[in-house]
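J.: So you can see what is in the structure, the chains are spelled out below.
There are 2 protein chains.
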Amino acid sequence: MPKQVVPASQRSPHIVVIGAGFGGIAVARALPKDANVTVVDQHNYQTFLPLLYQVASSGLAADQIAYPVRAALRGTSANFRLGTAQRVDAVNQVVKLADGTDLHYDHLILAAGSVTNDYGVSGVSEFAFGMKSLKEALTIRATFLRRFEELASAIDDGREVVPLSVVVIGGGPTGVEMAGALAELAAGPLAKDRKDAASMISVELIELGDRILSTFAPELSDRAAKDLGSLGVRIHLNTPVESVSERAIGVAGAPSIPANLTIWAAGVRGVDLGSVSGAVAANGRLVVDETLRIGGAENIWVIGDLSGAIGPGGRPLPMVAPVAIQQGRHVARQITALERGKAIEPFVYKDKGSMATIGRHKAIVETKHLHFGGFVAWFAWLGLHLVQLMGGRNRVGTLADWSWNYLTFDRGNRHIIDVE
Amino acid sequence: MPKQVVPASQRSPHIVVIGAGFGGIAVARALPKDANVTVVDQHNYQTFLPLLYQVASSGLAADQIAYPVRAALRGTSANFRLGTAQRVDAVNQVVKLADGTDLHYDHLILAAGSVTNDYGVSGVSEFAFGMKSLKEALTIRATFLRRFEELASAIDDGREVVPLSVVVIGGGPTGVEMAGALAELAAGPLAKDRKDAASMISVELIELGDRILSTFAPELSDRAAKDLGSLGVRIHLNTPVESVSERAIGVAGAPSIPANLTIWAAGVRGVDLGSVSGAVAANGRLVVDETLRIGGAENIWVIGDLSGAIGPGGRPLPMVAPVAIQQGRHVARQITALERGKAIEPFVYKDKGSMATIGRHKAIVETKHLHFGGFVAWFAWLGLHLVQLMGGRNRVGTLADWSWNYLTFDRGNRHIIDVE
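Chains as they are written, first to last, in this note's numbering: chain A, 2 to 421; chain B, 2 to 421.
Any given hint could be a false lead.
When chains are identical, the list treats them as one kind, so a pair holds in a single copy or across two.
Simulated crosslink set (EDC-like; lysine to aspartate or glutamate; CA at most 16 Å straight-line) [unchecked claim]:
no., residue 1, residue 2
1, Lys227, Asp211
2, Lys369, Asp352
3, Lys34, Glu137
4, Lys136, Glu291
5, Lys193, Glu150
Since the hints were derived computationally from the structure, they do not count as laboratory data.
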């Protein structure tokens with residue numbers, strides 16, 4: 002097995018960051034310019050996950066929500082390593098990569114993110130699409146558009162037409178945005194393409210609890226539900242999914258719901274990096290102390306979706322980009338302090354609010370002091386996501402596509418591209 | 002097997018177009034608004050093939066050179082059918098689709114285009130990448146960038162570094178543009194990413210004849226060769242390729258050329274639609290008369306790359322977009338004339354010239370009266386391709402990416418996306 006060669010007279014401690022998502026890139030950018038940093042990711046690009054549903058619903062090109070990791074690291078001293086971290090050997094301070102390489106570290110930041118969590122519901126991995134990667138988004142897009150073409154062909158041939166029942170499971174922001182965008186795609190551009198075929202498409206949303214977007218204020222949930230309804234999305238509340246099969250979704254204590262295209266947006270869990278410390282919290286997140294370090298290890302930090310950090314109310318922090326970014330910057334500062342022999346500080350999350358978009362002119366925004374929806378919220382959503390998109394190129398390209406979609410009521414990326 | 006249901010009182014003859022490339026779309030758009038037209042293609046999008054090399058070399062997103070067929074057909078009466086034509090039954094006037102459907106036609110336009118032609122050279126299909134589809138372009142991009150990352154990892158690990166030898170076979174416009182763009186990518190953005198790894202990449206171009214771009218005037222060939230040389234591309238002339246293997250290209254009567262990433266741009270042939278008429282010309286193109294119809298068949302027309310139409314000098318017309326578009330419009334006019342009981346006319350190709358781009362500020366243009374190269378030619382190339390790109394969205398997005406690439410010397414789409 003090849004072993005990473007580290008010069009004996011290493012100028013500074015080797016800081017290894019696993020994951021080039023929001024958190025990992027934030028760490029690398031916040032570390033001093035002379036730090037010795039390696040960022041590891043299985044992709045050579047960062048995925049802007051908040052806009053994944055727009056790729057799935059033909060609003061954006063896949064490349065527009067991706068950003069090369071090496072470009073994100075320009076101006077830093079960090080090196081990039083394309084590879085998959087499989088296991089951490091905390092005793093020997095080594096990360097084992099899938100290609101057999103041992104990567105030695107002095108500080109290790111685990112920012113590997115999350116994967117789809119099926120909570121043990123049978124059939125999810127076989128019959129439902131996840132919403133965690135470009136591959137999944139392009140697969141949803143290709144499947145949805147191919148089914149639409151099959152509807153059109155069946156009508157042309159005078160064959161029996163089986164309606165396309167799209168069911169999104171999970172009424173959080175991902176599920177709500179996905180359901181709204183697919184309903185808009187069917188009612189707008191696809192109806193212009195083939196009205197008869199598009200009218201055979203229905204979109205439904207299943208939520209376990211008694212309202213969608215349950216982390217928002219109740220009146221915003223209501224508004225979002227009304228907005229989704231106006232797009233033709235049928236919402237099932239208080240609906241515990243028991244199983245997913247090819248043509249239906251099994252519900253505990255109720256009739257099953259017909260579905261021949263199921264999207265699972267009901268939850269995620271921290272990725273499995275082997276037993277780093279033995280302490281795994283709920284949802285596969287790693288238990289950390291208030292400095293974001295794994296108990297007993299002075300040099301293993303966990304941030305973002307993978308981190309089981311506890312917030313003010315004693316509840317785990319949400320799995321969202323602002324948490325990962327703030328934690329990344331915090332850890333960078335603490336490592337710098339440690340290396341200079343200074344004391345380190347606990348992490349405190351500053352919640353700047355949250356937002357979700359439902360469709361054209363429809364969104365909700367909630368901050369500490371403000372709750373609002375409608376056109377202004379939608380515009381705020383657009384602006385914030387444009388600003389957050391890394392790199393001018395993605396901003397310009399996304400703005401171009403959004404302007405086009407907005408002005409023409411069209412979605413230009415209706416291309417069936419099959420990914421591996 | 003399902004059979005296309007055609008109402009007995011069909012209002013007008015059914016015109017079936019096989020292929021939604023430049024030719025097929027041109028036919029559909031030029032037919033009268035009340036014509037009964039079906040366009041068949043295996044993809045739900047048209048691929049702008051002249052810019053495929055820019056997707057392969059990270060300059061553009063895949064979606065930017067694709068355009069939904071249904072969007073291209075808006076404003077016409079044409080219907081779209083997603084499917085693959087397998088065979089034509091000229092006796093019963095039926096096209097057999099791969100899904101088992103029989104599509105009856107009164108007029109049939111074969112515009113199915115071309116596929117890679119290996120001219121019997123062994124190893125091309127196993128060890129070389131073609132340049133005929135989005136899938137192939139994204140595969141070249143992913144492979145090239147992954148090899149670059151492997152170089153960086155090998156250097157980091159102190160392992161043996163095997164240089165990346167990219168060899169493009171075929172010195173026509175496709176090969177020249179591909180070689181130039183990959184050399185620019187390596188020398189620019191990748192060198193900024195990792196200078197040591199990028200310096201291990203070489204790009205070479207193999208041409209059978211005694212000059213590249215042999216359809217252009219000799220002085221333009223020379224200029225292009227000089228331009229490619231300034232980008233670091235090594236050109237092998239008079240080099241007959243005998244075989245392609247994983248690590249080398251066999252040359253008749255000369256030492257083999259090391260290559261661990263081979264791109265085959267040496268030629269294409271008409272797609273195989275079974276024996277439509279029995280008469281197949283060179284390169285798999287179907288023999289047609291001067292009205293572009295297959296001999297003996299009054300209602301089967303062949304246009305574009307698949308058409309063996311003969312030009313003024315007795316030579317087959319080139320396999321380029323302007324030929325397909327002019328032929329498409331011509332056939333639409335002739336069918337309309339026929340249906341109105343009027344006489345039809347032979348097709349005459351109006352050659353407006355050709356161009357090729359080599360790199361930043363480098364291109365050549367040749368028309369009947371003008372030969373020129375350099376910055377002006379490059380700018381003309383940019384403008385013409387922007388105008389030709391279908392739909393405002395693709396134009397705006399491409400202009401955004403090109404401006405970004407130009408101003409920053411970067412290529413923003415350096416993402417490894419694996420397609421099926």
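J.: If a hint holds in the structure, say so; if it does not, say that too.
T.: These are the hints, each one checked on the structure:
no.: 1; hint: Lys227 - Asp211; verdict: within (15 Å within a copy, 70 Å between copies)
no.: 2; hint: Lys369 - Asp352; verdict: within (8 Å within a copy, 67 Å between copies)
no.: 3; hint: Lys34 - Glu137; verdict: neither (36 Å within a copy, 40 Å between copies)
no.: 4; hint: Lys136 - Glu291; verdict: neither (35 Å within a copy, 48 Å between copies)
no.: 5; hint: Lys193 - Glu150; verdict: within (13 Å within a copy, 44 Å between copies)
When the structure is compared with the earlier hints, violations turn up for hints 3 and 4 and for no others.
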